[in-house]
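Engineer: This is what each chain is made of:
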Amino acid sequence: MSNNIVSRLKRKKIDEVIKTGKRMDGRDLLQYRDWQIRTGFLEKAEGSAEVKLGKTHIVVGVKSGIGTPFEDSPDEGVMMVNAEYTPVAHPTWEPGPPPDSAIELARVVDRGLRAAEVLSMEEFGLVSGEKVQMVFVDLYVLNFDGNLIDACSAGALAAMNTAQLPEFKVNKGEVTTTDKTKKLKLRAHPIAVTVAKIGSEFIVDATADEEEVMDGRITITLDENNNVNAIQKMGPIGFTVDEIKKCINIASEKAPEIRAKVMASA
Amino acid sequence: MSKTRKRKSNKTWERVDGRKQDELRPIHIESGVLPNADGSAYIEMGRNKIIAGVYGPREMHPKRLSKPNEGVLRVRYHMAPFSVDPRRSPAPSRRDTEISMVMRDALEPAMFLERYPRSAIDVYVEIIQADGGTRCASINAAAVALADAGIPMKDLVAACAAGKYEGKIIVDLGDYEDKKGESDVPVAYMPKFDQVTLLQMEGIMTREETEECIKQAVEGCKKVYEIQKEALKKKYGMIQGEAAPEPEEEAKTEPEEAPAEETQEPEEHLDVDEAEEEKKQ
Numbered sequence: 071m072s073n074n075i076v077s078r079l080k081r082k083k084i085d086e087v088i089k090t091g092k093r094m095d096g097r098d099l100l101q102y103r104d105w106q107i108r109t110g111f112l113e114k115a116e117g118s119a120e121v122k123l124g125k126t127h128i129v130v131g132v133k134s135g136i137g138t139p140f141e142d143s144p145d146e147g148v149m150m151v152n153a154e155y156t157p158v159a160h161p162t163w164e165p166g167p168p169p170d171s172a173i174e175l176a177r178v179v180d181r182g183l184r185a186a187e188v189l190s191m192e193e194f195g196l197v198s199g200e201k202v203q204m205v206f207v208d209l210y211v212l213n214f215d216g217n218l219i220d221a222c223s224a225g226a227l228a229a230m231n232t233a234q235l236p237e238f239k240v241n242k243g244e245v246t247t248t249d250k251t252k253k254l255k256l257r258a259h260p261i262a263v264t265v266a267k268i269g270s271e272f273i274v275d276a277t278a279d280e281e282e283v284m285d286g287r288i289t290i291t292l293d294e295n296n297n298v299n300a301i302q303k304m305g306p307i308g309f310t311v312d313e314i315k316k317c318i319n320i321a322s323e324k325a326p327e328i329r330a331k332v333m334a335s336a
Numbered sequence: 127m128s129k130t131r132k133r134k135s136n137k138t139w140e141r142v143d144g145r146k147q148d149e150l151r152p153i154h155i156e157s158g159v160l161p162n163a164d165g166s167a168y169i170e171m172g173r174n175k176i177i178a179g180v181y182g183p184r185e186m187h188p189k190r191l192s193k194p195n196e197g198v199l200r201v202r203y204h205m206a207p208f209s210v211d212p213r214r215s216p217a218p219s220r221r222d223t224e225i226s227m228v229m230r231d232a233l234e235p236a237m238f239l240e241r242y243p244r245s246a247i248d249v250y251v252e253i254i255q256a257d258g259g260t261r262c263a264s265i266n267a268a269a270v271a272l273a274d275a276g277i278p279m280k281d282l283v284a285a286c287a288a289g290k291y292e293g294k295i296i297v298d299l300g301d302y303e304d305k306k307g308e309s310d311v312p313v314a315y316m317p318k319f320d321q322v323t324l325l326q327m328e329g330i331m332t333r334e335e336t337e338e339c340i341k342q343a344v345e346g347c348k349k350v351y352e353i354q355k356e357a358l359k360k361k362y363g364m365i366q367g368e369a370a371p372e373p374e375e376e377a378k379t380e381p382e383e384a385p386a387e388e389t390q391e392p393e394e395h396l397d398v399d400e401a402e403e404e405k406k407q
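Protein chains in written order, with the working numbering: chain A, 71 to 336; chain B, 127 to 407.
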């Protein structure tokens, strides 16, 4: 994922400790670090959230504007999720075009929100085929210590859940801005849970060092009805079907915990 | 269009192209189609037309991307501008980048990369025509192309999607089912190890439905696996009866680049190119 270099000695230690059912920082295998979620702290953004998950620190901003719809959906608004790896977040991260993992991060978070139909995009149409309201969700990583997907997924939901979008008036195909705002309505509240596999053990909320040591991981996004919205397997290993089922079990146990924290932050 | 589809569903439920729920689209795979590439394969899966070429193991360029202790598998998934409607820009999209990543993760478990320090194995996949399920078809072609290149593999990787359409679990979604269906679960699978190496999902399904989809997709992969083996047999079939098949030598030349690693290789007995193994039977 990153170019975070972990010494062989540390690798061995992480492996050994996990075999005893504990983690380097004293956590249980299926225990998250402390969540700190704060919302609505940016005045210029339509919605915002700051998530601290241990030392992982991200900010999510929701912005809205007018744009053109896609050809195949002329009356639907457009939601875009983008992830930014800022160079302040890690010594090995550099300015420049996003690395592949940033694209994957944005797409996995996006897929969770889109598949769960969080926004009813038809409500964002303004002038058919010409103008629609756009919703931009930008994931901004300020400090990297692993598990960006879960942190960003929770952050995106927290920011969208508290967002106030500007209202537009449509008059004979002309779109004018008003000084009114309305709350962004969410139809579902999907949460991503990433389960990492290290040796034969499964852990949640891997730190940067653990991510470097892990064999692979599966992200499962679930909504409040415990329906699965998105899955993404990553890393150069295979999982048996039973292992996948185990991961889905873990995710469906953890997702409500995280969702409660996100909703409490509003 | 949609009216005729509706009428069908009023009688016994039928898929848009009349297939059974667990029936795959016709698959045709041909190996060794690109003379310049070290290995290649062409696949038609429904109306998907995809070509995969493999170069390597070869020297890594740029050098800084090479790893001192193992080889690097690089996968590039790319769609031709005319492969979809409307025309798409030939510049790689974020979707292409992500699919390239998941394809690499799907194929890498089948490889012995520790044998090729400082080297690169490049897999290039070009979508000539897209018809839903391109990432699965691409993996199927890429796995055959890797075997065709004589690169030792632990197993072939076969891929197939399952999903939910009009409330029914179906296998190998076509373009229409993919776009209009409730969800899509692409899966890649190594039958010999019973391992899923690619798993994605998008949509809304209960946990039970999701697990059923994965199960059905794996069954689909097993069918694809047989067709992949047939494709390799077809090319190398002419030397099937001979005592010393030629490609065996070809495959053996590769590991010699790193003879010191040989003794550390625990899965030595698996070091058989899928293509050769078929010939021995």
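Treat each hint with caution, since some may be false.
To be verified - From the structure, some residues in chain B lie toward chain A, with a derived Cβ separation under 8 Å:
{"id": "1", "residue": "SER209"}
{"id": "2", "residue": "VAL210"}
{"id": "3", "residue": "ARG214"}
{"id": "4", "residue": "MET227"}
{"id": "5", "residue": "GLU234"}
{"id": "6", "residue": "GLU338"}
{"id": "7", "residue": "LYS341"}
As the list claims (entries may be wrong) - The calculated lysine-lysine pairs, modelled on BS3-like cross-linking and capped at a C-alpha distance of 30 Å, are:
{"id": "8", "chain 1": "B", "residue 1": "LYS280", "chain 2": "B", "residue 2": "LYS349"}
{"id": "9", "chain 1": "B", "residue 1": "LYS306", "chain 2": "A", "residue 2": "LYS255"}
{"id": "10", "chain 1": "A", "residue 1": "LYS82", "chain 2": "B", "residue 2": "LYS189"}
{"id": "11", "chain 1": "A", "residue 1": "LYS82", "chain 2": "B", "residue 2": "LYS193"}
Rather than coming from a laboratory, the hints here were simulated on the basis of the structure. Please read these numbers as outputs of a predicted model, since none were measured by experiment. The beta carbon of each residue, even a glycine, is placed where N, CA and C say it ideally should be.
Engineer: Can you name, in rising order, the numbers of the hints this structure does not satisfy?
Structural biologist: Hints 1, 2, 3 and 6 are the ones this structure does not satisfy, whereas the remaining hints hold.
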